[in-house]
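Colleague: For chain A, the structure is supplied; the task is to place chain B on it using the hints.
Here the protein sequences come in this chain order: A and B. So that you can map any letter, position 99 of the first sequence is 99 in my numbering, and since no number is skipped, the others follow by simple counting. So that you can map any letter, position 44 of the second sequence is 44 in my numbering, and since no number is skipped, the others follow by simple counting.
It should be emphasised that the hints constitute simulated quantities derived from the structure, not laboratory data. Please note: incorrect hints may appear among the correct ones.
[To be verified] Where chain A lies over chain B, by a calculated footprint (3+ residues, C-beta under 8 angstroms):
| id | region |
| --- | --- |
| 1 | 21-34 |
| 2 | 46-57 |
| 3 | 118-128 |
Every residue gets a Cβ at the ideal spot worked out from N, C-alpha and C, and that includes glycine.
Protein chains: 2
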Amino acid sequence: MAIEPSPAIAALIRALEALPGYGPRSAQRAAFFLLAPESQKKLQALREALDGAMHVRRCRLCRTWCENELCAVCSDATRDRSLICVVESVQDQMALDASLSWPGLYFVLSGRLSPLDNAGPGEIGLPELAERIELGLREDGLREVVVATSYTPEGDATAYYLMSMVKKRWPDLRITRLSRGLPSGLEIEYTDLASIAGAVEDRRGL
Amino acid sequence: MAIEPSPAIAALIRALEALPGYGPRSAQRAAFFLLAPESQKKLQALREALDGAMHVRRCRLCRTWCENELCAVCSDATRDRSLICVVESVQDQMALDASLSWPGLYFVLSGRLSPLDNAGPGEIGLPELAERIELGLREDGLREVVVATSYTPEGDATAYYLMSMVKKRWPDLRITRLSRGLPSGLEIEYTDLASIAGAVEDRRGL
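Chain A extracted, bound-state conformation (with noise of 0.2 angstroms):
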């Protein structure tokens, strides 16, 4: 016979335990943080930055989120058009672009080749980006495609496909991949045992 927090006070604990870090008591602790009377504008911010998400879509070019037809990148004229750098998603694209170091465009697909999660190359957005590579070769004067996946089971899948994509049809175009190796600023004893085995198999010359 204890109380059951009311429908709409429900309704907004079970919606918010969705959200990833957040189970039930959480949610709840967030519910009440915002049905509290001085939470009202946070409240009121959330339901409007939710509608304006409804409008999130696309980039008609590189498949990122934004709210116009082509994204800040796309639409950027400092930006070399002949390179096109292929990511997993748009949190990779960010914290590709955070990097500061890279000139080109980007294409981002809809995940990696996973089997296990009928993830094939359809659903990650494959054939888009083969269209995207027509057109950059058509208007741009594209020069070479960068594959940014990671280095993991399925990323290296991934970029495999690619590869073998890019060289049946387009042969003269350049494919490249991210290198593997050390990452920087951390001393290689703290290093994890497989970045240093991929440093030592991709050891350049000097």
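Modeller: Chain B in isolation, oriented as in the chain A frame:
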């Protein structure tokens, strides 16, 4: 020149950052989680839950959060209406009720007396409690008010203030406070010293 998230995504990250337990990184993670196509139902559910939260108001009698004029407890005919338990928050009320130990009604304050936070008697709802007590005496044969504030300096101050108020205005009304003592199911060895001291001070005859 790194990519900024588009305005709608940035607004969503900022709004999520206000939630308890979220920082910039986890808010970004949650935003991308909600934006992913497979989360569309969750995004929708959260939007609707926040809309529903706008209809949550306070119960006319006990000031807990509910969607109707009276909450489930105050409109429950099996509750003993001659007993009112005063709690600091809806969360405290739910915890107390989950213990299945309280047969009466509640009155929910807006926190506790805390001069440093500008929370005086008016701010936490003591005038409304006085009105509720008058109503209870008039209509429900109110015979006991139980103060369920925590054993902290502010909880103590609130309990003391309530006791003075009741004793002065309604000298015949019984006013009690939840007992302090050892927690159930925990070895004394692992119990905090303040709780042990409280249990010694409030020891009861056998």
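Colleague: Compare the structure with each hint and give your call.
Modeller: Structure-based check of all given hints:
no., hint, result
1, 21-34, "holds (count 10)"
2, 46-57, "holds (count 11)"
3, 118-128, "violated (count 0)"
Consistency note: the structure conflicts with earlier hint 3 alone.
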